[in-house]
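*Asks:* Sequence:
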Amino acid sequence: MLALVTALLAGLVTLVALPAGPAAAAPGTPVVFVHGYTGSASNWTSAIALFRAGGYSSSDLYAYEYNSYGNNITNAQGLASYVASVRSRTGAAKVDIVNHSMGGLVTQWYVKQLGGAAYVDHVASLAGANHGTTAAGACLTFVTCQQMYPGSSFIRTISAGDETPAPTRYATWYSPCDGVILPYTSTTLSGATNNYVACENHITYLTDTSILTEVRRFLAS
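Okay, so the sequence shown: first residue is 1448 according to this note's numbering, each after it adds one.
Hints were generated in silico from the structure; no laboratory data involved. Cβ coordinates follow ideal geometry from the N, Cα and C atoms, glycine included. One thing to keep in mind: the hints can contain errors.
Claimed, not checked - Label pairs and their computed distance ranges (CB to CB):
#	residue 1	residue 2	range
1	1532	1626	33 to 39 Å
2	1614	1584	33 to 39 Å
3	1502	1600	24 to 30 Å
4	1597	1502	21 to 27 Å
5	1502	1608	33 to 39 Å
6	1589	1531	36 to 42 Å
7	1598	1645	27 to 33 Å
8	1538	1597	39 to 45 Å
9	1598	1534	23 to 29 Å
10	1624	1493	17 to 23 Å
Make the full structure from the sequences, and use the hints.
*Replies:* Quick look at the structure:
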């Protein structure tokens, strides 16, 4: 998977606000970004800049960091606590979540198994490993990769029943050029707006301003 990327920041669960910048009128719902396997808050630099340019305040943009090598159930529990902290800090009733890669699994467990649907307005999944990826076979020494492998008990649990429970609204972006989510259709969710991207590399979702603009528009819907 993102073993192609240097392993970063395992296990931080502190509230990470975005860098300060010129004041702008926030659209109203805080956004929580959730990185993928071996990722970190720094993965969202391009998204941060684009969202700020679209009217978000730095006080409404947050990046959750978790342990890529631990357990995605624990990571989802951490996300639940993080969302509660963001809601308390901002006074917002709900947040929007934008995830990438394995962040899709963390998000889905939180929303479906931990009652997160009550606190999440939108979920945008960029190349999410929502039904697993066979690329996780390269790192099965870690529980997170075992959970990310197609057919795991973790994936069977989050795929059972309604994959997109209301009132949360869902969208995914997926591409045959991904190269990491195998099969690439693993990202799509029944009941979501599934956006086919003609050719997008797994990592470049994080910097593609066209896709990030689509995500921002989805969150505003």
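*Asks:* Now tell me if each hint is right for this structure.
*Replies:* We went through each hint and held it up to the structure:
no. : hint                    : in the structure
1   : 1532 x 1626: 33 to 39 Å : holds, 35 Å
2   : 1614 x 1584: 33 to 39 Å : holds, 36 Å
3   : 1502 x 1600: 24 to 30 Å : violated, 42 Å
4   : 1597 x 1502: 21 to 27 Å : violated, 39 Å
5   : 1502 x 1608: 33 to 39 Å : holds, 36 Å
6   : 1589 x 1531: 36 to 42 Å : violated, 27 Å
7   : 1598 x 1645: 27 to 33 Å : holds, 29 Å
8   : 1538 x 1597: 39 to 45 Å : holds, 40 Å
9   : 1598 x 1534: 23 to 29 Å : violated, 35 Å
10  : 1624 x 1493: 17 to 23 Å : holds, 19 Å
Hints 3, 4, 6 and 9 from the earlier list are contradicted by this structure; the remaining hints agree with it.
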